[in-house]
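Residue numbers (numbering that gives the first Met the number 0), protein chains in the order written: chain D, 0 to 86; chain B, 0 to 384.
Please keep in mind that the hints were generated in silico from the structure rather than gathered at the bench.
Among the clues, some could well be false.
Now the in silico label distances, taken between C-beta atoms and shown as ranges [as the list claims (entries may be wrong)]: (1) T70/D with G273/B: 32 to 42 Å; (2) P29/D with E311/B: 52 to 62 Å; (3) E271/B with I49/D: 14 to 24 Å; (4) E314/B with I49/D: 28 to 38 Å; (5) K30/D with H239/B: 16 to 26 Å; (6) K30/D with E314/B: 21 to 31 Å; (7) Q240/B with K30/D: 34 to 44 Å; (8) L272/B with I49/D: 21 to 31 Å.
Beta carbons: idealized from backbone N, C-alpha and C, even for Gly.
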Amino acid sequence: MKEINVNVCLGTTCFVMGGTNLNELLEIVPKKYGDKVKVSGSPCLGLCSINWEYSKAPYVKVNNEVVAEATVEKVLNEIERQMTNEQ
Amino acid sequence: MFIDIDCTQEKKYNQNTYGDYFVSKRYPEAGRLVAVLSDGLGSGIKANILACMTSTMLLKFVEAESDIQKACEIILNSLPVCKIRKISYSTFSAIDCDDEGNAKIVEEGNPQFLWIRNNQILEPQYRIITSKTFSNRHMHIYKIKLEKGDRLIFCSDGVTQAALGSKDLRLGLKREGLIDIVLKELSTEPNISSRELSRRIVKSALIAEPDHKAKDDISALCVYYRDPRESLIFTGPPYHQAKDSIYAHTFFNFQGKKAVCGGTTANLISRELGIPVRNDLHQISGKLPSISHMEGIDLVTEGILTLTKACEYLETEEIGKDAAGELVKFLLDSDCITFMVGAKLNQAHYDPTLPVEIEIRKNIIKKMKKLLEDKYIKKVTVQYM
């Protein structure tokens, strides 16, 4: 199975919009999926500036899929979704 | 040349304040620095007031007179004498020097300073001026030319008389003892900062005391002529994207220390120069995003929030253990700081519904520049892109 990469945006907008809570993923993900899913941070995914009037920060990318207004739960759902599709 | 100056003090055992006093002031436009170290008669609060008065007044006089010799003569002729002990209320050493290495030094009553070049003690010529009002009071005046790498060490008699009367050092450390301490430190660490060297002199003087307690106020003032430590900070993407590559290369080719403040900025440099950015998310310490890592760059942080927090630390002098704290350490470890400030705005930062008010980058940098110049005496240049 292909490895899943979770990339959390640590840019200014995402951080103040709740990105801080997403570092819980660091504990939850390895416990749940072991080394099948890798969590890392990105200085900025550059997504808030594209559609800035309707920015949906914080953003997380699960492989190439963007999770907008990300919460731990939303990110975990996306991981599950991609894993099911893979199977 | 940059003048690195610092003073370390230790108060006399059982006293609650310092009896020696140190003041210094830089005049960046004239490339000039004036510093005074004064030792007040006795110890504790009385000595502190005497020394503080002498040094601050002397500094003001030098400022107003622009000639240190005249300023010192005024003090020499007017400082009162203790009725009982018939000695001066305070002694002093004063230095007026510039970036070119021209220095005028005046001493009255303090131990003679050390002038060190290539680990050798130089013995400069001096003139003696006797007070018109007190015939037992003399001033030594030196006019010397310093070179890069030269050091000057001034101290109060608490250093040269440390361990006085002890079994091993009946006459105290004396000038020879001080020379030994300084030359030993310089041979193990030739580029030691003035701050660290002055600390070690005071520590060595304390160790020399049989019970490690200061029997007099101890002060060591060090001056070091060296190349300035330069650093460059890149924050914010340039207004014209077409110039990204030029700015990224200018930044990377800089010889001093380098920092990047901003997620988009870090990505820009990573893209233009092909250096990956690593962030392990582990160090988020509540209010600020963690530090990232890029090869060849000393510090990589988030932008606006970190800069705002760093300004706060510079103002309050309380440095937290987060990315802003690291940035402040980076800034304080430099003498000349250049900011490359990108003028492009990220509109998403100014959404009024954001839970935190975000300042405009240009304004934060303006505030930081003023703080670094006025409070920390750094040389700061800002370049907008």
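Against the structure, the hints come out as follows:
Distance hint check: the CB atoms of T70/D and G273/B are about 34 Å apart, consistent with the given range 32 to 42 Å. In this structure the supplied range 52 to 62 Å is violated for P29/D paired with E311/B, their Cβ-Cβ distance being about 35 Å. Restraint check, E271/B to I49/D: a C-beta distance of roughly 20 Å satisfies the suggested window 14 to 24 Å. Separation of E314/B from I49/D is about 35 Å and conforms to the stated range, judged on CB atoms against 28 to 38 Å.
Our hint of 16 to 26 Å for K30/D and H239/B is violated, since their Cβ atoms are close to 47 Å apart. The hint said 21 to 31 Å for the Cβ distance between K30/D and E314/B, and at roughly 42 Å that hint is violated. Taken as a hint, the range 34 to 44 Å holds for the pair Q240/B and K30/D, whose Cβ atoms sit roughly 42 Å apart. Take L272/B and I49/D: their Cβ atoms lie about 24 Å apart, and the range 21 to 31 Å holds.
Hints 2, 5 and 6, counting from the list given before, are not met by this structure.
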